[in-house]
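In case you want the letters, here they are:
2 protein chains.
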Amino acid sequence: MRHAAALLRLRGLAVFAGLVSLCVVAFAQTDPLPSWNDGPTKMAILEFVRVTTDTANSKFVPPEERIATFDQDGTLWVEHPMYTQVMYSLDGVPAVVTQKPELKNMEPFKTVLSGNKAAISKLTMPDLEKILAATLTGMTMDQFNAEVQKWLATAKDPRWNRPYTDLVYQPMLELMQYLRDNGYKTYIATGGGQDFVRVYASRVYGIPPEQVVGTMGGTTYSYDSSGKPILTKDPKLLLNDDKAGKPEGIHLMIGRRPYAAFGNSTGDKQMLEYTQAGGGARLMMLVHHDDAKREYAYGPAGGLPPTKVGTFSDALMSEAMKRGWHVISIKDDWNCVFPWESCAPARVSR
Amino acid sequence: MRHAAALLRLRGLAVFAGLVSLCVVAFAQTDPLPSWNDGPTKMAILEFVRVTTDTANSKFVPPEERIATFDQDGTLWVEHPMYTQVMYSLDGVPAVVTQKPELKNMEPFKTVLSGNKAAISKLTMPDLEKILAATLTGMTMDQFNAEVQKWLATAKDPRWNRPYTDLVYQPMLELMQYLRDNGYKTYIATGGGQDFVRVYASRVYGIPPEQVVGTMGGTTYSYDSSGKPILTKDPKLLLNDDKAGKPEGIHLMIGRRPYAAFGNSTGDKQMLEYTQAGGGARLMMLVHHDDAKREYAYGPAGGLPPTKVGTFSDALMSEAMKRGWHVISIKDDWNCVFPWESCAPARVSR
Chain U
1 MRHAAALLRL
11 RGLAVFAGLV
21 SLCVVAFAQT
31 DPLPSWNDGP
41 TKMAILEFVR
51 VTTDTANSKF
61 VPPEERIATF
71 DQDGTLWVEH
81 PMYTQVMYSL
91 DGVPAVVTQK
101 PELKNMEPFK
111 TVLSGNKAAI
121 SKLTMPDLEK
131 ILAATLTGMT
141 MDQFNAEVQK
151 WLATAKDPRW
161 NRPYTDLVYQ
171 PMLELMQYLR
181 DNGYKTYIAT
191 GGGQDFVRVY
201 ASRVYGIPPE
211 QVVGTMGGTT
221 YSYDSSGKPI
231 LTKDPKLLLN
241 DDKAGKPEGI
251 HLMIGRRPYA
261 AFGNSTGDKQ
271 MLEYTQAGGG
281 ARLMMLVHHD
291 DAKREYAYGP
301 AGGLPPTKVG
311 TFSDALMSEA
321 MKRGWHVISI
331 KDDWNCVFPW
341 ESCAPARVSR
Chain C
1 MRHAAALLRL
11 RGLAVFAGLV
21 SLCVVAFAQT
31 DPLPSWNDGP
41 TKMAILEFVR
51 VTTDTANSKF
61 VPPEERIATF
71 DQDGTLWVEH
81 PMYTQVMYSL
91 DGVPAVVTQK
101 PELKNMEPFK
111 TVLSGNKAAI
121 SKLTMPDLEK
131 ILAATLTGMT
141 MDQFNAEVQK
151 WLATAKDPRW
161 NRPYTDLVYQ
171 PMLELMQYLR
181 DNGYKTYIAT
191 GGGQDFVRVY
201 ASRVYGIPPE
211 QVVGTMGGTT
221 YSYDSSGKPI
231 LTKDPKLLLN
241 DDKAGKPEGI
251 HLMIGRRPYA
261 AFGNSTGDKQ
271 MLEYTQAGGG
281 ARLMMLVHHD
291 DAKREYAYGP
301 AGGLPPTKVG
311 TFSDALMSEA
321 MKRGWHVISI
331 KDDWNCVFPW
341 ESCAPARVSR
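Residue numbers (our numbering), protein chains in the order written: chain U, 1 to 350; chain C, 1 to 350.
If we strip away everything but chain U, and leave its shape as in the complex, we get:
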């Protein structure tokens, strides 16, 4: 009897141990955010989704109103040393000059053609705008899409020597997928060109073209020599989707206020304010680039080096603290940065 009882006890332990491992496995399998370290940031995301999707909760949000907007550069993918779209435009200058030789000796094109990296890095915003206009407009939509696709397939970033579309943040891919799995429609709200981001947003982020809000240029509908309808990209700016332009662009394209908004720089402040002003459960988060080893470190918030590319000012940090916006520390909150790092479980369906 004693022997039998001991055996039963042992069996019980084995069953218990088995259950524990099963639960651990089950928990590991169902953690929707494996690249996020446990802590207040991850908890805030899980809690937001829990309360807004529970019909019994006073903060429940009907599925059709579940809108989440994501800045792109510095929020979904790397923006340093320079925005990817600017790299595309700089690379496109030689082709533009071939088409329009009169630009060869004109600034800022002359500087770009010189290949002098120090001089190029000092180009002003108006200079860059001239380069963007010359390389992003004047062609048909079909030509533009083909050119961007071709560039993305061959261009490599200077640090990791990988295609730019590899430099997406695994934790943000998981976050977008988790929100979608819970009935949220995920949108990009970027200062980058709407047409540019649309070329790869579906493949890279699982976000279809109609859910990309960006800086918008006009197009002109006309006919080619064979009478076929064409859309040509105009240099006319319809909306600069940055700062106040972000809520304006979100209204124009979506017509609803987001329940969650994610950014990383002063250009995202108005989008987060606008989101929060809707009341009820709203989630506002800012990515803080504080990990020079695995990615980059810049601020000036947090005493990090200042930058013109994705400034996170001290004022923005104060605003975040005052208003209860969550600051995502890349160093502390993410156990994995990129999908191609060995740490990352590649489980996000895109």
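Any given hint could turn out to be false.
Identical copies carry no separate label here, and so any pair may be met within one copy or between two of them.
[As the list claims (entries may be wrong)] Cross-link-like lysine-lysine pairs, in silico, BS3-like; alpha carbons within 30 Å at most: (1) K243 / K228; (2) K104 / K122; (3) K117 / K322; (4) K243 / K322; (5) K228 / K59; (6) K130 / K236; (7) K308 / K117.
For the record, the hints were derived by calculation from the structure and aren't laboratory data.
Since the structure of chain U is provided, determine the placement of chain C on it from the hints.
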């Protein structure tokens, strides 16, 4: 034996008759377009959906690319004697003049205030644009939405003495629902104000705000006296969503080419051309208002009276014939026009 055999035969007949009634019932229950008369127009719709949703068909369209765009005025609801948004704006003139008394003796406001219907009906397009700008801009989005909602709840159309939102076409509601049931995303592409149509599109058509493409005005993001973020409607026109503006607006808002497009006037020609130019199975249709008894009759196509409100020109009719666009005859193709007519089975979920 004979008796038994006869009985079996009778029973067989009864079973057969039962099956027939079952099939009739089943067919009646599954006809997705009961307000459409059998004929080539209805057949074209059914055939388009069949080939584009059958994975085995060479014309199969992946679900994410299934986009259908609908003009609103004259395509989804009544546009005569005048566009509903213009009625809204005319009704809003007294309130505008109360706010800005200096407009009282200025044209075109003076004419509107006179109540002289003959004079009002002669207002030119630039006159109407002044009235639209004065009544559709200058307020916050929240104020605008509340004002439109209030007006829609009380205003009645002059012929049927019903709310304007009752004057939707039952066959088009069925068509939109049928397309949605087959994985199509239905969009409005209207010359009317995007913000105006968004107020009721969800309730009336089952189309959410983010799927309304219309004439777009700018907004300005700022703060009210308490520091709360507000969006104010500007008089700045971003895009006139008519004629060439329709494909331009569709590109801006959707970034994909439609597979099906529905209109009723010369303002829809470019949208249909653009749709067809995508190749493969595409469905282009134009509603022809040829039923003065049940709705209105105007052209001038088909020898019907000319109109400035929703012109269907002879040139457009030739274009339709030449390009294989289907012309929907209200008289011949629709057995029912409005959802509140006794003929209409009110089965469309919105």
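Item to check | 30 Å Cα threshold - placement of K59 relative to K228 | outcome: between (51 Å within a copy, 21 Å between copies)
Checklist entry - Is the C-alpha distance from K104 to K122 at most 30 Å within one copy, between copies, in both cases, or in neither? => result This pair counts as within: shortest intra-copy Cα distance 19 Å, inter-copy 56 Å.
Checklist entry - Between K243 and K322, at a C-alpha cutoff of 30 Å, which is it: within one copy, between copies, both, or neither? => result within (19 Å within a copy, 49 Å between copies)
Item to check | Homo-oligomer pair classification [K117, K308; C-alpha up to 30 Å] | outcome: within (16 Å within a copy, 60 Å between copies)
Next on the checklist: When Cα atoms must be at most 30 Å apart, do K243 and K228 count as within-copy, between-copy, both, or neither?
Outcome noted: between (39 Å within a copy, 16 Å between copies)
Checklist entry - Between copies, within a copy, both or neither: which fits K130 and K236 at Cα up to 30 Å? => result This pair counts as both: shortest intra-copy Cα distance 12 Å, inter-copy 24 Å.
Checklist entry - 30 Å Cα cut-off: does K117 pair with K322 within a copy, between copies, both or neither? => result The answer is neither: 40 Å in one copy and 57 Å across copies each exceed 30 Å.
The earlier numbered hint that this structure contradicts is number 3, and it is the only one.
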